[in-house]
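In the order they appear, the protein sequences are chains A and B. Quick note on numbering: my numbering labels position 137 of the first sequence as 137, and the sequence is numbered without any gaps. Quick note on numbering: my numbering labels position 69 of the second sequence as 69, and the sequence is numbered without any gaps.
Since the hints were derived computationally from the structure, they do not count as laboratory data. Treat the hints loosely; a few may be bogus.
[Claimed, not checked] Okay, derived cross-link-like pairs now, DSBU-like style, lysine-lysine, Cα gap no bigger than 35 Å in a straight line:
(1) B:169 / A:142
(2) B:151 / A:142
(3) B:151 / B:169
(4) B:169 / A:147
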Amino acid sequence: MKSILTRLAPALACLGLLVAWQLGSLALANDSFPTAWESLRAIPAILTDRESLLNIADSLRRMAIGLVLAVAVSIPLGLLMGRSRAVAAFFNPLLMIIYPVPKAALMPIIMLWLGVGDLSKTLVIFLGVSLPVIYHSFEGAKAVEEKMLWSGAAMGLTAAQRLVRIVFPAALPEILTGCRTGLVLALITMVTSEMIARQSGAGNILFNALDMGQYDTVFAMIIIVGAMGICFDAVFEVARARLVRWSEPQFDIPLSFS
Amino acid sequence: MSMRGTSELMLGLLPIVLVLLLWQALISFGYAPPTLLPPPSQVFARMGEQLLDTSFQQDIVATLFRLFAGFAIAVVLGVAIGIAAAVSQPVNAAVRPLVRVLAPLPKVALYPAFLLLLGFGHESKITLVTADALFPILLSTYYGASIVEQKLIWSALAAGTPPRDVLWKVVLPAAMPSILTGCRIGLVISCIVVFLAEMITSTDGLGHVLVAAARQFQAVDMFVPLITISLLGLILNGLLGAVRSYLLRGFPEV
C-alpha cells in the first residue's frame, strides 16, 4: 500500500499543481491567465496540427544531436582531466570563464557566423550540455580509488585500457548524474535558442502565441515542454538505475541548471 | 606546493592566451571579416569605454539588482524548505514528489506565464531567477541536513541545548558546506538566467544591451555584455568563496 502511494506521489503532485493552477486562475479571473482546464483542452489542437508537430520534431532532432555529440566529447575530456593534474590545470581556468556565460546568449553571435539554421542551434545545445557533463566526469574520475588503478597496472593494463576499463565504469554513477543534468539543460537551451532565433521549433510556437495573445496556446505549450522535461527525466532515471544497479542508491532528485 | 601552484596557473592561462591568439589570427589572416568578428583589441577597448559610460553602468546595476534579489529569495526559500524537509516527515512527504516534478521542468518555458501574470518589469525576471536557482540550493540543503550525524544532536542535547535551538546550533552549521555548494551552483545559474530573461524581453540590463547590438549588427557591442557577465560571474564566485571560507572557518577541510 505504502509503495503504491510512493510510486503515485509524483503523479499526485502533478495533479495537485494543476488543481492549484485551476483554483488560482479562477480566483484571479484574469484574461491572460487561462484555467488549467482550458489550457489542457488546447493541447490536442497543437498535437494534431501538422506544422506544430514538424516544429516540435525539429526541436527534438536538434536536441538529440547536440546532446549526443556533447556527451561523446565531454566524458573522455572529463575523465582525462580527473586522472591527470596537468590536463585539469590546462582546461580548468578556461572552463571557469565560460561557465557563467549563458550559452543561449551566444546565439545572436553564432547566428551572425553560421546563419539561423540547425547548425547554430545544435552548436548552442552542444555548448550548454558539455560543461556539466565535463564537470561530473571530472569529479567522478578524481574519486576513483588508486588501489584499483594500481591493481590494473600490476595486471598489465596500459594507461588507455585503465581509463576505459577501470576509470570509466567506476565513475559511471557520477557521469550519469552529469548526463541527467545535461539532458534537462539540453531541453532548456533548445527552448531558449528558439525563443531568440525565432524561426522554427517549440520555443518559436510558444513565443509566437504569446505575441498573438493566444494565451491558451501559450499555457498548453508550457505544459507540453514541461511534460517533455519530466518524461525525459523519468526515462533516463529508469535507464540509469539499470546501468548502475551495483552502486549505492544515489540522491535521486536531479539538479537542474540553466 | 606554491611552485607547483604557479606552474599550474601558467598552464591554465595557456589555453586562454591560445584562444585570444587564434581569435586575432583569424582576423589577421583574413579568414573572418571584422564586421563579423572584431579583433580582441577593439573589443577590450570598447569594453573599457563602455564601463565608464553611465547608461552601461545602469544596465549593469539593473542586472545585478535582479540577480541578487532572485538569488537571495532562492537562498532563503531553498534553505528553509530543505531543512524542513530533512527534519520533518510530513513536510518531506509533501516536498519530495513536488520537487521531483518541478526540478526537471525547464523553467524558461514558464517565463511567458510569469510575464503574463507579473508583467514585464523586475518581478517576472526575479521570479524566473528564483525558480531556477531554488532547486540546486534546496536539494543540497536537504542532502546536507539529512546526513548530519545523529551523535552531534545527542551531544548538543546532552550538553543542555534546548531542543528548539538544535536546528540553529547544530543542524544548520553542520549542513553549511553542502548548502554553500548549492549556493555556488545557484549563483552561476542566476547569472545565466537573468541574462536570458533580459534577452527575451527587457528594456535595460546586460541582456538587453546584447539584443540591441544584435539588431544593429554591431558585433563589437555584442561581445562586451558577454564578457561583462563572465567577469561578473567570476567576481561573484570569488566573493562567495570568501564568504565560504569565513563561514566554514574551523571546519577540518574545505
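Legend entry - Ascending list of hint numbers which this structure does not respect: Result: hint 4 breaks, nothing else.
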